[in-house]
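Note that the protein sequences, when read in sequence, are chains A and B.
Residues 1 to 260, numbered by the UniProt record's numbering, are exactly what the first sequence covers, in order.
Residues 1 to 242, numbered by the UniProt record's numbering, are exactly what the second sequence covers, in order.
Bear in mind the hints are in silico, worked out from the structure with no lab data behind them.
The beta-carbon is built from N, C-alpha and C at its ideal position, and this holds for glycine as well.
One thing to keep in mind: the hints can contain errors.
[Said to hold, decoys possible] Stretch-level coverage of chain B by chain A, calculated; a stretch enters the list once three of its residues show a Cβ under 8 Å from a Cβ in chain A:
hint : segment
1    : 112-120
2    : 218-228
[Stated by the list, open to error] Listed next, the in silico DSSO-like pairs over lysine-lysine satisfying Cα-Cα at most 27 Å (straight line):
hint : chain 1 : residue 1 : chain 2 : residue 2
3    : B       : Lys22     : A       : Lys104
4    : A       : Lys52     : B       : Lys2
5    : A       : Lys52     : B       : Lys22
6    : A       : Lys223    : A       : Lys248
7    : A       : Lys124    : A       : Lys186
8    : A       : Lys18     : B       : Lys209
9    : A       : Lys232    : A       : Lys217
10   : A       : Lys133    : B       : Lys22
11   : A       : Lys217    : A       : Lys18
12   : B       : Lys96     : B       : Lys221
13   : B       : Lys22     : A       : Lys79
14   : A       : Lys232    : A       : Lys18
15   : B       : Lys209    : A       : Lys144
16   : A       : Lys104    : A       : Lys186
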Amino acid sequence: MIEIHNIHKSFNGVEVLKGIDGVFETGKTTLLLGASGTGKSVLLQCIVGLLKPDLGSITYDGKVFTNNRLDLKQEIRRKIGMLFQGSALFDSMTVQENVEFPLKMLTPDMTRDERMERVDFCLKRVGLEAAHKKMPSELSGGMKKRVGIARAIAPNCTYLFCDEPNSGLDPLTSIKIDELIYEITKEYNITTVIVTHDMNSVIEIGDHIMFLHDGLKVWEGSKDNIMDTNVKDLNNFIFANSLMRAAKRVEDEGGEIDKL
Amino acid sequence: MKTLGNYLLFLSSQFVRGESLKILSRRFIDEAVLIGISSVSIVAIVSTFIGAVTCVQIAYNLTNALIPRSTIGFMVREMTILELAPTITSIVLAGKVGSNIAGGLGTMRITEQIDALEVMGINSTSYLVLPKILAAIAMFPLLVILAMTLSILGGYVAGTLTGSLTPQEYVEGLRDAFIPYNITFALIKSVVFAFLISSISAYQGFFTKGGALEVGEASTKAVTNSIIGVLLADYLCAQVLL
Ligand SMILES: Nc1ncnc2c1ncn2[C@@H]1O[C@H](COP(=O)(O)OP(=O)(O)OP(=O)(O)O)[C@@H](O)[C@H]1O
Ligand SMILES: [Mg+2]
Chain A
1 MIEIHNIHKS FNGVEVLKGI DGVFETGKTT LLLGASGTGK SVLLQCIVGL LKPDLGSITY
61 DGKVFTNNRL DLKQEIRRKI GMLFQGSALF DSMTVQENVE FPLKMLTPDM TRDERMERVD
121 FCLKRVGLEA AHKKMPSELS GGMKKRVGIA RAIAPNCTYL FCDEPNSGLD PLTSIKIDEL
181 IYEITKEYNI TTVIVTHDMN SVIEIGDHIM FLHDGLKVWE GSKDNIMDTN VKDLNNFIFA
241 NSLMRAAKRV EDEGGEIDKL
Chain B
1 MKTLGNYLLF LSSQFVRGES LKILSRRFID EAVLIGISSV SIVAIVSTFI GAVTCVQIAY
61 NLTNALIPRS TIGFMVREMT ILELAPTITS IVLAGKVGSN IAGGLGTMRI TEQIDALEVM
121 GINSTSYLVL PKILAAIAMF PLLVILAMTL SILGGYVAGT LTGSLTPQEY VEGLRDAFIP
181 YNITFALIKS VVFAFLISSI SAYQGFFTKG GALEVGEAST KAVTNSIIGV LLADYLCAQV
241 LL
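Take the sequences, apply the hints, and build the full model.
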């Protein structure tokens with residue numbers, strides 16, 4: 001469980017995060033939802049410590065993370081898996097080496113064979129059995145994301161952060177990636193935080209959803225009650241999606257829709 | 001002043017909770033191979049020609065019949081060992097190694113690869129930068145020794161081919177009043193230059209902000225700042241050590 005409290009962050013006098021509180025529960029996928037430029041990536045970077053919040057505190061399972069000593073921070077970080085918005089694969093290494101890398105660095109007692117087994121397992125998990133020897137530059141965007149996920153989950157992470165795991169992907173691949181993250185979260189009881197602006201993901205995997213607008217959390221709930229909200233900004237956001245509009249119409253006319 | 005402070009902080013961060021020796025030594029070998037092997041050809045070409053040109057020009061200027069021809073060999077030796085081999089080699093390497101380090105780290109920065117390392121709980125300066133600096137410190141003296149040898153050979157070939165002096169005269173000049181300390185001095189200089197070039201370039205690359213354009217700028221800055229650093233250090237070394 002990750003708790004954040006009163007997170008503030010400004011860049012050059014412009015306040016991007018204006019005091020955000022939240023709890024990310026273990027074994028659940030929490031979605032950070034919001035329009036482009038509302039500070040979702042900044043919040044995520046504050047939580048993992050790539051950016052230092054100006055104010056506020058972050059705790060991981062009760063352990064204080066903000067302003068802590070570097071070694072304590074590193075200890076927590078070694079349990080974090082993160083998928084970056086641009087995948088951030090190491091481009092001098094093959095796919096296999098990319099996935100093996102955190103194992104090599106974080107679990108030095110693992111033998112080579114054990115590592116290889118784990119790499120095979122993780123790559124299989126993301127559906128990339130045949131890409132071991134490829135370089136990142138030879139992969140498509142979706143394949144890179146999947147390698148990124150494999151690398152994030154390779155060392156049995158406790159916390160998983162994904163920054164827009166399915167931006168720029170076709171709907172089919174994006175559903176597959178969502179499902180993958182969801183399954184992993186349940187299977188290994190991970191605390192997962194996903195940044196997204198994709199309504200499909202919300203409906204599929206939104207255990208818990210926080211809607212950010214203009215640097216503040218303006219709504220919080222689950223996929224089951226997101227349609228019933230009367231928060232104006234969230235409504236605008238949801239019904240910018242034509243499928244959601246159509247669904248709403250059907251519902252208003254008394255029809256039943258599966259899943260919603 | 002602020003830059004200097006940041007630079008020193010950057011250098012010291014390599015030693016705070018660094019990575020294990022095993023990992024660092026493997027990284028060191030990778031970097032040493034990269035810096036060393038890939039620079040051999042350019043250093044060889046440059047130093048051979050510098051030796052040859054130095055010899056030909058000294059021969060051209062040395063028209064006084066009272067000065068023995070072996071002086072040409074003597075002067076080629078003094079100039080290349082003391083100044084040309086370490087300094088010109090380092091300037092060439094500032095262009096090659098410096099831009100490579102800054103470009104590589106800059107690209108890793110803007111594509112979030114450095115962030116990815118940090119999130120894994122890895123000390124990215126210790127993992128990425130320290131092996132580069134150590135590898136440069138180890139390889140530069142070797143490259144400078146190669147440069148000394150080849151420039152003296154280049155001088156030999158040019159001098160004898162153009163008939164400016166006989167092989168015996170050249171060798172006689174080489175052996176004349178030889179001070180072994182000069183070689184030590186040159187090697188100390190090369191270590192200083194190696195440290196400056198690799199650390200300045202790493203600093204420029206590591207703190208790149210923005211996109212591909214800025215990576216290019218970081219490389220350019222790395223090379224110009226390194227060269228200025230090398231020349232300043234060259235002067236200081238001569239003042240302090242000679
Ligand atoms: N390093 C930085 N320096 C200055 N400003 C920044 C920095 N990082 C982010 N910002 C600003 O913070 C705001 C929020 O950016 P952020 O990347 O968090 O948006 P986002 O919600 O992730 O958007 P998207 O969905 O497009 O990824 C933007 O206005 C951006 O200009
Ligand atoms: Mg973002």
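Results for each hint:
no.	hint	in the structure
1	112-120	holds (count 7)
2	218-228	violated (count 0)
3	B/Lys22 to A/Lys104	holds (11 Å)
4	A/Lys52 to B/Lys2	holds (20 Å)
5	A/Lys52 to B/Lys22	violated (31 Å)
6	A/Lys223 to A/Lys248	holds (14 Å)
7	A/Lys124 to A/Lys186	holds (18 Å)
8	A/Lys18 to B/Lys209	holds (24 Å)
9	A/Lys232 to A/Lys217	holds (13 Å)
10	A/Lys133 to B/Lys22	holds (25 Å)
11	A/Lys217 to A/Lys18	holds (9 Å)
12	B/Lys96 to B/Lys221	holds (13 Å)
13	B/Lys22 to A/Lys79	holds (22 Å)
14	A/Lys232 to A/Lys18	holds (19 Å)
15	B/Lys209 to A/Lys144	holds (23 Å)
16	A/Lys104 to A/Lys186	holds (26 Å)
When held up to the earlier numbered hints, the structure conflicts with 2 and 5 and fits the remainder.
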